[in-house]
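K.L.:
These protein sequence lines map, in sequence, to chains P and H.
For what it's worth, numbering that gives the first Met the number 0 labels the leading residue of the first sequence as 0, then goes sequentially.
For what it's worth, numbering that gives the first Met the number 0 labels the leading residue of the second sequence as 0, then goes sequentially.
Derived from the structure by calculation, the hints contain no laboratory data.
For glycine and all other residues, C-beta sits at the position ideal for the given N, C-alpha and C.
Just so you know, not all the hints are guaranteed correct.
[Said to hold, decoys possible] Here are the simulated SDA-like cross-link-like pairs (lysine to any residue), alpha carbons at most 20 Å apart as the crow flies:
no. : chain 1 : residue 1 : chain 2 : residue 2
1   : P       : K87       : H       : R38
2   : P       : K87       : P       : R115
3   : P       : K87       : H       : D63
4   : H       : K96       : H       : F72
5   : H       : K96       : P       : A22
6   : P       : K87       : H       : F72
7   : P       : K87       : H       : T35
8   : P       : K87       : P       : A168
9   : P       : K87       : P       : P120
10  : H       : K96       : H       : D63
11  : P       : K87       : H       : Q34
12  : P       : K87       : H       : L10
13  : P       : K87       : H       : G29
14  : P       : K87       : H       : L32
15  : H       : K96       : H       : L69
16  : P       : K87       : P       : F72
17  : P       : K87       : H       : A31
18  : P       : K87       : H       : K96
19  : P       : K87       : H       : P33
20  : P       : K87       : P       : L98
21  : P       : K87       : P       : Q117
22  : P       : K87       : H       : R30
23  : P       : K87       : P       : A7
24  : P       : K87       : P       : G116
25  : P       : K87       : H       : G41
26  : P       : K87       : H       : V25
27  : P       : K87       : P       : T68
28  : P       : K87       : H       : L22
29  : P       : K87       : H       : G26
30  : H       : K96       : P       : W152
31  : P       : K87       : P       : Q1
32  : H       : K96       : H       : P70
33  : P       : K87       : P       : Y3
[What the hints assert, rightly or not] Only some residues are given here: those of chain P computed to face chain H with a beta carbon under 10 Å:
no. : residue
34  : P63
35  : T91
36  : L96
37  : G97
38  : G113
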Amino acid sequence: MQLYRGAADAVPIVLGYLPIGFAFGALGVATGLSILQAVAMSAFVFAGSAQFIALSMFGTGAAPAAVVTGTFFINLRHLLMSTALSRKVMATSRPLLGLLAFGITDETFAVAAGRRGQHHPLYMLGLEGTAYLAWVASTAAGAATGARFTAGWGLEFALPAMFIALLVAQMVEWRRAVVAVLAALMSLLGQGLIPGNWDVLLVASLAAAVGVVLERGQRDVA
Amino acid sequence: MSPEAFWVTLLGMALVTYLPRALGLVGLSGRALPQTVERWLGYIPAAVLAALLAPALSGEGEADRLLAALPTFLVAVLSRNMALTVVVGILSMTVVKALAG
Numbered sequence: 000m001q002l003y004r005g006a007a008d009a010v011p012i013v014l015g016y017l018p019i020g021f022a023f024g025a026l027g028v029a030t031g032l033s034i035l036q037a038v039a040m041s042a043f044v045f046a047g048s049a050q051f052i053a054l055s056m057f058g059t060g061a062a063p064a065a066v067v068t069g070t071f072f073i074n075l076r077h078l079l080m081s082t083a084l085s086r087k088v089m090a091t092s093r094p095l096l097g098l099l100a101f102g103i104t105d106e107t108f109a110v111a112a113g114r115r116g117q118h119h120p121l122y123m124l125g126l127e128g129t130a131y132l133a134w135v136a137s138t139a140a141g142a143a144t145g146a147r148f149t150a151g152w153g154l155e156f157a158l159p160a161m162f163i164a165l166l167v168a169q170m171v172e173w174r175r176a177v178v179a180v181l182a183a184l185m186s187l188l189g190q191g192l193i194p195g196n197w198d199v200l201l202v203a204s205l206a207a208a209v210g211v212v213l214e215r216g217q218r219d220v221a
Numbered sequence: 000m001s002p003e004a005f006w007v008t009l010l011g012m013a014l015v016t017y018l019p020r021a022l023g024l025v026g027l028s029g030r031a032l033p034q035t036v037e038r039w040l041g042y043i044p045a046a047v048l049a050a051l052l053a054p055a056l057s058g059e060g061e062a063d064r065l066l067a068a069l070p071t072f073l074v075a076v077l078s079r080n081m082a083l084t085v086v087v088g089i090l091s092m093t094v095v096k097a098l099a100g
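Whenever a hint applies, use it, and build me the whole structure from the sequences.
P.N.:
Below, the structure is given as structure tokens:
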């Protein structure tokens, strides 16, 4: 039941991952990877933006160490999500937590953190497993056919729309709104300044800290 | 890139991606954290969502995304329903693209 609930919550993620996974598979093969290599990257790394940046680095003949270092900084933002999720996932065995940790992406985090209450490990498994299968399968389809997923439908907006829904659901008190507006503004400012997208880590940490400071101020007044 | 170099790179990428993912969830689950840190973590979802969303909607050549975002936000606020919001978002984007193209 929990597994099924998690899988159902992953449907918007699947819609969003299909076109991106297709594009990654197709671009990977076009860059010179074999089908197996492209699929292996989705299966073992499971982090879209870092995978695309790695492809462009392969294209320019970057050294392995450079690609790995770049990947580290791009994906460092998951540390923040992983820490926040440690409050949201019911305590369970370490091996299972280790497995669930592998499935943390921007999107699975957004759904798990955006939903109220504590999550059963099986819910997380259903959510992440479904997203993972969609990512790997669409990469394979894109790599095998070389085709982009271009049905003319606005599927590429599935993920932003999901983020909008989850963000709006977070707005249960004014301080959260202040934090969100701050984070949005800072991320726009930081866009040009900080390469890759690990500014998410910095911006979100700072904006959340402002939320804590606002709470303090209010308690002092009261 | 030779196949050997590729697989070594892939292994490295997998490792450095997994470590930050595991550190918080495996290392901190079931442990109490200071009150201030707990409060700070309570703001992280809203902050992360906003920090991911803002650049995605406002980049160069993203005018169609900003347009599609308007009805999507409206439906999100009125319905508070994720599935409905995603469907409206996809349809809005489809319409915007059709009108633009």
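K.L.:
For each hint, tell me whether it holds in the structure or not.
P.N.:
Structure-based check of each hint:
1. P/K87 - H/R38: 13 Å, holds
2. P/K87 - P/R115: 9 Å, holds
3. P/K87 - H/D63: Violated. P/K87 to H/D63 sits at ~35 Å, over the 20 Å cutoff.
4. H/K96 - H/F72: 18 Å, holds
5. H/K96 - P/A22: 19 Å, holds
6. P/K87 - H/F72: Roughly 26 Å between the alpha carbons, so the hint for P/K87 and H/F72 is violated.
7. P/K87 - H/T35: This hinted pair holds, its Cα atoms lying about 17 Å apart.
8. P/K87 - P/A168: Status holds; Cα separation ~16 Å.
9. P/K87 - P/P120: 10 Å, holds
10. H/K96 - H/D63: It holds: about 7 Å lies between the C-alpha atoms, which stays within 20 Å.
11. P/K87 - H/Q34: Given pair P/K87, H/Q34 holds - Cα atoms ~16 Å apart, limit 20 Å.
12. P/K87 - H/L10: 29 Å, violated
13. P/K87 - H/G29: Judged against 20 Å, a Cα distance of about 10 Å means the pair holds.
14. P/K87 - H/L32: 13 Å, holds
15. H/K96 - H/L69: Cα-Cα ~15 Å, so holds.
16. P/K87 - P/F72: Violated, at about 25 Å.
17. P/K87 - H/A31: 13 Å, holds
18. P/K87 - H/K96: The hint is violated at about 38 Å.
19. P/K87 - H/P33: 16 Å, holds
20. P/K87 - P/L98: 16 Å, holds
21. P/K87 - P/Q117: 5 Å, holds
22. P/K87 - H/R30: Answer holds: P/K87 to H/R30 is near 12 Å, not above 20 Å.
23. P/K87 - P/A7: 19 Å, holds
24. P/K87 - P/G116: With a Cα-Cα distance of about 7 Å, the restraint between P/K87 and P/G116 holds, given a limit of 20 Å.
25. P/K87 - H/G41: 10 Å, holds
26. P/K87 - H/V25: 12 Å, holds
27. P/K87 - P/T68: Between P/K87 and P/T68 the Cα gap is close to 30 Å, so the pair fails against 20 Å, i.e. violated.
28. P/K87 - H/L22: 15 Å, holds
29. P/K87 - H/G26: Given pair P/K87, H/G26 holds - Cα atoms ~14 Å apart, limit 20 Å.
30. H/K96 - P/W152: Holds: H/K96 and P/W152 sit about 8 Å apart, inside 20 Å.
31. P/K87 - P/Q1: Given that 20 Å is the threshold and the Cα spacing comes to 15 Å, the pair holds.
32. H/K96 - H/P70: 14 Å, holds
33. P/K87 - P/Y3: Holds. P/K87 to P/Y3 sits at ~18 Å (cutoff 20 Å).
34. P63: 4 Å, holds
35. T91: 8 Å, holds
36. L96: 5 Å, holds
37. G97: 5 Å, holds
38. G113: 6 Å, holds
Hint check: violations occur at hints 3, 6, 12, 16, 18 and 27; the rest are consistent with the structure.
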